[in-house]
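Peer 1: Chain residues, written in single-letter form:
Protein chains: 2
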Amino acid sequence: MLSKNTIKLIASLSQKKFRTQHQLFIVEGVKGIQEFLDSSFELYQLFATEANFSAETILISEKELQKISNLKSPNTALAIFKIPKQKTAEANGLILVLDEIRDPGNLGTIIRLCDWFGVKTLVCSEGTVDCYNPKVVQATMGSLARVHISYTNLSNYLKTANSAVFGTFMEGNNIYTEELPKEGIIVMGNEANGISLEVEQLIHKKLSIPRFGNLQTTESLNVATAAAVVLSAFRRGF
Amino acid sequence: MLSKNTIKLIASLSQKKFRTQHQLFIVEGVKGIQEFLDSSFELYQLFATEANFSAETILISEKELQKISNLKSPNTALAIFKIPKQKTAEANGLILVLDEIRDPGNLGTIIRLCDWFGVKTLVCSEGTVDCYNPKVVQATMGSLARVHISYTNLSNYLKTANSAVFGTFMEGNNIYTEELPKEGIIVMGNEANGISLEVEQLIHKKLSIPRFGNLQTTESLNVATAAAVVLSAFRRGF
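Residue numbers (our numbering), protein chains in the order written: chain A, 202 to 439; chain B, 202 to 439.
The reader is advised that the hints may include incorrect statements.
A pair holds if it fits inside one copy or across any two, identical chains being indistinguishable in the list.
To be verified - Mimicking SDA-like on lysine to any residue, the simulated pairs with C-alpha atoms at most 20 Å apart in a straight line are:
| hint | residue 1 | residue 2 |
| --- | --- | --- |
| 1 | K273 | R303 |
| 2 | K273 | K286 |
| 3 | K273 | G306 |
| 4 | K273 | T221 |
| 5 | K383 | F413 |
| 6 | K336 | D304 |
| 7 | K273 | A256 |
| 8 | K321 | G414 |
| 9 | K288 | N354 |
| 10 | K336 | E392 |
| 11 | K217 | V231 |
Calculated from the structure, these hints are not laboratory results.
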């Protein structure tokens, strides 16, 4: 049985305000939950229609799950995990920096890309969508458990960075022919406005993804697919 | 003023059955509509709250637009365009083939990638989501007007193809080191199941995108970001 308070708590966690207040977030689906259980994240409560997990499980009915789920077709389990304390971003390796990414699906896809391309550190501007937003968690498919994400003032972060800072722009050195290092910081900009002027001034090398199609249109690549191309270009030589 | 019949027609076009019956589809937003007006697509009717277009416009109120729009925050215009007759797929150039892509957002993103990477021909299996689905049209950001899309039986299509057929798999030649041709056919598979067995048998060369992250997980790349990496790899040398 679910108490009224539990139902209220879970519903509240779809809002950032309450996630911050309680320092908790929601993961849905057996596969995703298992990936968080296998990681360093700490479980708060686990609800499921079947006892499939090694962790302590509160058994609920399908009807109860439907009531607390954010999904149209709920899976068989929903878990509440604790938001880990934010650590200082690592200074080494390939680091991705996001300047005001607003769309939860884009952030989720980018976290998944980081996991694939071995980018362990993702640094987000304070205005970037919250990575514990349920839509982001869902889109990461468990990768969120393996990528270290921090939110900070990008100007301060980039000013004190030791590595070369790269950014993608409409004009810049061709990413396919440029020699790219194994370590460095790559900045991706906002969906509509790209990299902000303040951050642009802190970029050491401007890169661009050549366009092969119709050159008349002003259309750009979606930020998540652009991140796929950029990370792929940085990794291909190693 | 909008007639009841017009409102009914527009509502019906969110379903494939009625798009096929009427051979019409919906485009929303000034920018997208302008790109279709500038293309070879034929306008059927155009509704807008302001007279912004060179084409004949039926002026409607914001309230009326809200009633016919599929969007939560409707733009200022909605247009009905005619679905063009399906042409035979071109045999030359770089061709992308989709095997049962189900998610409208993924198809929209892939059409946008084709536009960017100069892929003029996209061949879809009959079970791939309809490219005139409003969510696909919205996600293409106008690219749909510039990429030639056809739906066909993939086995028949690939059996008679003149070019080399490539596909991405978990196991295959490293896409970063493989020498890739300027022309050819690239197959991308379904979100959950990848390339079907029937289609796999018609692939000449298996490629794979190396993973740099945690090798224990079974997680794969999203099909749209995988398409970005693959198209980028095929284009980087040219």
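Peer 1: Next, verify each hint and record whether it holds.
Peer 2: Verification of the supplied hints:
1. In this assembly of identical chains, K273 and R303 lie within 20 Å of each other by CA distance solely across copies; the values are 17 Å between and 23 Å within a copy.
2. For a Cα distance limit of 20 Å, the shortest separation of K273 from K286 qualifies neither inside one copy, at 31 Å, nor across copies, at 36 Å.
3. Both within a single protomer and between protomers do K273 and G306 lie at most 20 Å apart by alpha-carbon distance, with minima of 16 Å and 17 Å respectively.
4. When the C-alpha separation of K273 and T221 is checked against a cutoff of 20 Å, the pair qualifies neither within a copy, at 25 Å, nor between copies, at 28 Å.
5. For the identical chains of this complex, K383 and F413 are inter-copy neighbours only, at 12 Å across copies versus 27 Å inside a copy, given an alpha-carbon limit of 20 Å.
6. For the homomeric pair K336 and D304, the shortest alpha-carbon distances inside one copy (9 Å) and between copies (16 Å) are both at most 20 Å.
7. With identical chains, the CA atoms of K273 and A256 are never at most 20 Å apart, being 26 Å at best within one copy and 40 Å at best between copies.
8. For a Cα distance limit of 20 Å, the shortest separation of K321 from G414 across copies, 8 Å, qualifies, whereas the shortest one inside one copy, 33 Å, does not.
9. Within a single copy, K288 and N354 get their C-alpha atoms as close as 14 Å, which meets the 20 Å cut-off; across copies the closest is 52 Å, which misses it.
10. Taking the shortest Cα distances, K336 and E392 sit within 20 Å of each other both inside one copy (17 Å) and across copies (18 Å).
11. Taking identical chains as interchangeable, the C-alpha atoms of K217 and V231 are never at most 20 Å apart, the minima being 24 Å within one chain and 33 Å between chains.
In this structure, the hints that do not hold are numbers 2, 4, 7, 11, in rising order.
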